[in-house]
Amino acid sequence: MPSTDRSAPARDRHYASLKWRLAFTASLAFAAAAGTLMQFVLGALGPFLVEDLGLSRAQLGTLTTLFFALGALCSTPAGGLVDRVGGDRVLVAYFGLVGCAMVGLAAAPSLPWLWLAVSVSGIAHAAMNPATNDLIATQVPPGRQAVITGVKQSGVQVGAFLAGALLPPIAVILGWRSTVALAGVVIFAGVFGRLLVRKPSRRAPAASGQEPTGRRPLSSLARWLTVYALLMGFGYSSVIAYLPLYGYDALGMTAAAAGMLTGVLGFVGIGGRIALARISELRGRADGILTAVALAAAVAQIAVLVAPVVGTWSLWAAAVGLGLTAASWHAVGMLAVIRETRGVSTGRDTGIVHAGFLVGLMTSPVVLGWSVDRTGTYVITWGAVAVAFALAAVLSWAWRRSCAAGA
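Note that our numbering gives residue 277 to position 154 of the sequence shown, counting from 1, and the numbers run on in steps of one.
There may be inaccurate statements among the hints.
Pairs of lysine to any residue residues, derived as SDA-like cross-links and limited to a Cα-Cα distance of at most 20 Å, are as follows [unchecked claim]:
(1) K142 x C223
(2) K142 x A294
(3) K142 x F315
(4) K142 x D211
Treat the hints as calculated values from the structure; they're not laboratory data.
Start from the sequences, fold in the hints, and give me the full structure.
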C-alpha cells in the first residue's frame with residue numbers, strides 16, 4: 124500500500140543529516156533523564172533533606188509516591204494533549220515545568236512546599252514518553268527508530284547514574300539547595316536545545332476513512348502491553364528499592380558493595396535498552412522478545428532468592444541479568460507503540476502504557492516492604508517479584524499465540 128505520509132520526504136531529508144540526528148537524539152535522551160531526575164534527587168539527597176527539614180523517613184517516602192502517583196494519573200491526558208498539539212510544543216513546556224520544579228524544590232522551606240514541587244515534576248513527567256515517542260514516530264523513518272528509541276530510554280539510566288555519582292559530593296560542597304537549583308538551571312537549557320532542533324512537518328494527514336486520533340480504538344497491543352508494563356514495573360521497582368539492602372542484610376555485604384549492585388544494574392540497562400530495541404526492530408515484532416525478557420527476569424530473580432545459599436556471586440549475576448531484562452524491556456515496549464501507531468495516536472497509547480508501568484512502580488515497594496517488616500525475611504518479596512515477571516511472560520506468550528491464531 125502506498126504511504127499516505129506526505130511529510131515523509133521532509134522527514135527523511137532531516138534524518139539524512141548526521142548533525143540533525145545527533146542533536147535530535149541527544150535532546151530526547153536529555154528529556155528522558157530530566158523527567159526522572161526528581162525521583163533520583165530524592166533518593167541521592169534524601170539524607171540532606173531529612174536533616175535540614177526534619178523529615179521522617181515516612182514523610183520522605185511520600186514524595187516519591189506522590190511523584191509516581193501523579194505521573195500515572197496524568198499520563199493518559201498528557202498523551203492526548205501530545206496528539207492534539209504535537210510533541211515539540213509539549214516537550215518545550217515539559218522542560219520548563221521540570222526546571223521550575225527543581226528550583227521550587229531547592230527553595231522549599233517545609234514538607235508542603237516539597238509536595239508542591241514534586242507534584243509539578245510528576246505532572247510534567249507524565250508527558251515525557253508520549254512527547255518523545257511522538258517525535259520519533261513523526262520525524263524518524265520506519266526502520267531507523269530503534270537506536271534512537273533505545274538511546275532515548277537509556278537517558279533514564281544515565282540520569283540515575285549521574286545523580287547518584289555527582290549530586291551528593293556537590294551537595295557536600297555547595298549545599299543541597301544550591302545543587303538542586305543548579306540542576307534546575309541545566310534542565311532549563313533543554314528548552315533552548317529543543318527549539319534549536321529543526322523539525323519536518325508535524326505529522327501525516329489522516330488517510331481517507333481513518334478515525335481521528337481521539338476516537339481511534341485502543342489497539343490490542345496497547346491493551347496487553349499496559350498490563351505487561353504494570354507487572355514489569357511491580358517487579359522492577361522492588362528490585363531497585365531493596366536489592367542493595369538485601370545484599371547488606373542477608374549476605375553481609377558492605378554498604379558500599381551493596382550499593383554497587385544498583386550501579387551494575389543501571390549500567391547494564393543502558394546498553395540493554397539500545398540492543399533490545401534494535402533486535403526488536405530487526406525482527407519486526409516485539410512479543411517474542413518481551414516474552415523472553417520477562418522469563419529471563421524471573422530466572423534472574425530466582426538467582427536473587429537463592430543467593431544466601433549459593434553465594435554472593437549469584438547476586439552479582441542477577442544484577443546483570445535484571446539490567447538486561449527488567450531494566451531494558453521499556454525500550455522494546457515504547458518502540459512497539461511507535462511502530463503500531465505510526466504517529467496517529469502515539470501520545471495517547473504511550474500515555475496509557477506508561478501509566479500501567481507507573482502504577483506498578485508505585486505499588487510494590489510499599490506492599491513488599493511491609494511484607495519484609497512483618498516476616499523478617501525477603502522470601503515472600505522476591506517470590507512475588509519472580510511471579511510478577513513470570514506472569515508478564517505468560518501474558519506476552521498468550522498474546523503472541525492469539526495474534527498467530529488470528530493471522
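Structure-based check of each hint:
1. K142 x C223: Judged against 20 Å, a Cα distance of about 30 Å means the pair is violated.
2. K142 x A294: 35 Å, violated
3. K142 x F315: 17 Å, holds
4. K142 x D211: 18 Å, holds
The structure is inconsistent with the numbered hints 1, 2, although it conforms to all the rest.
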